[in-house]
Amino acid sequence: MEGLLTGDDDAIRALYARFGRPVFSLGMRLLGSREAAEELAQDVFLTAWRKAARFDPARGRLSTWLMTIAHNLAVDRLRRETGARRPTLVLVDEVPDVPGENEEDVVEERDAATRALASLTEAERRLLTRAYFRGLTAREISEADGTPLGTVKTRLRTAMIKVRRANEGKEYM
Amino acid sequence: MNCLSVRERLTEQTLGVLSPAEATVVDRHLEWCAACRKEAAELQRAAATLAYSVAPVEPSADLEERVVGAVRGAAGRRRASAPRRSRVAAAGVLAAMLALSGLGWGAVMAGRAERAEEQADAAQERQREAVIRLQEVFADLPGLDPGAIVEVSTLLSPRLQEGRGDALVLLSPSGDDLAFVLVDGLTSLRPGQLPLRVQLVTDGSRQLVLGEIGTLDQAGGGGDFGTFSEDLKDVSAVVVRDARGRVLLRGTLSVYEPTA
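Quick mapping for you: the protein sequence lines, in order, are chains V and U. Mapped onto my numbering, the consecutive letters of the first sequence carry residue numbers 1 to 173. Mapped onto my numbering, the consecutive letters of the second sequence carry residue numbers 1 to 260.
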């Protein structure tokens, strides 16, 4: 991370090698165009550089920190561009394995994501998708569905607990 | 906001759908509450799993070069615009600012806020720990001049009205001087009074601009910091004014005693 702080090429390339594809994939699946996903990737790594001093490994993993930055930036953009058409979300368990994708950490992260998705009911999966991938607040979901706000919040919490438990005790990220 | 209220909001916080105002309040709580911070970290990790759950798409081959170029360019611009006396390593200065605002300094502030909620003993203990942490931050930071002098001030309303604040000035013999200002409890300001202007006042009544605080959170809190290539040793007071120039808070700096 010290190398990243000073804009060192090798440090940036190492970070990109590990997170370039997941960040780009998140951008593609949420924003729907290569142009938007590439802009997102540049913004994510620039933000990581600006905030590198804030990263504390004692408080969390690098993958969590970086993907949180990526998600926040993507959702900010979704909220700004409310009228834009969004692509149908495609999740990891809906496509076959990509040939050549055998780097250990990529496979582990993919497995963890698959376990997390498998732990959810269809309704929980839809709910988390709307909140996490579409940026809808609990209130917006409540109003759209005519479901009490407290119920939506409880369901979101229950779904996130399942995601968390699906990978408890597994050192994957 | 107490731990129960924070826990109720952590799921939405980690999903990124909490309102900015509520997210700010939750973040301030997490600065000092280790138990809620641990819970938040676990939820954050679960949320990151969701980020990996989208089906992968291969980026174009030249994206890496564009990313490297963008970061290298931004880093180069920062180096080129660095002040002449910037001998403190950039990483050290950044780490100092963020460590102060996120760990030590923020926790000191949180301790004070908590005291107002009649949890005096626990808050004072946390505040004591924060002060020790602050000491450690200064002792451990790479690139930070060990001979640096820290001055602090409590900022109060001269008219005994609402709000309070804290200022910290770091005088570095070998590099840039730093100044931090945090305010809290300014809940009755009208929109026309923002942004707040933060000024450092020297013994000779000269005024240096630290910066502006454009927005305040629900608790009337906000802050700013700045690096100065010129020496701040003559700065003796800190003043926070509203947009019309009216003094809201002021305080006199004195040398920080870490054993306090």
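Heads up, a few of these hints could be off.
[What the hints assert, rightly or not] Under the rule of at most 25 Å between Cα atoms (straight-line distance), these lysine-lysine pairs were calculated in the DSS-like manner:
#1 V/K51 - U/K38
#2 U/K38 - V/K153
#3 V/K162 - U/K38
[Unchecked claim] The following label-pair restraints were derived from C-beta to C-beta distances:
#4 U/P191 - V/A17: 44 to 52 Å
#5 U/G211 - V/D56: 40 to 48 Å
#6 V/D56 - U/E58: 31 to 39 Å
#7 V/G32 - U/G69: 39 to 47 Å
#8 V/D9 - U/P20: 43 to 51 Å
[Claimed, not checked] Which bits of chain V does chain U cover? Going by a derived footprint, with three or more residues having C-beta under 8 Å, they are:
#9 119-125
#10 142-153
Hints listed in this document are in silico derivations from the structure and should not be mistaken for laboratory results. In this text, a Cβ means the ideal position worked out from N, Cα and C, and glycines have one as well.
Outcome of the hint check:
| no. | hint | in the structure |
| --- | --- | --- |
| 1 | V/K51 - U/K38 | holds, 21 Å |
| 2 | U/K38 - V/K153 | holds, 21 Å |
| 3 | V/K162 - U/K38 | holds, 17 Å |
| 4 | U/P191 - V/A17: 44 to 52 Å | holds, 47 Å |
| 5 | U/G211 - V/D56: 40 to 48 Å | violated, 25 Å |
| 6 | V/D56 - U/E58: 31 to 39 Å | holds, 32 Å |
| 7 | V/G32 - U/G69: 39 to 47 Å | violated, 25 Å |
| 8 | V/D9 - U/P20: 43 to 51 Å | violated, 35 Å |
| 9 | 119-125 | violated (count 0) |
| 10 | 142-153 | violated (count 1) |
In summary, the numbered hints that this structure violates are 5, 7, 8, 9 and 10.
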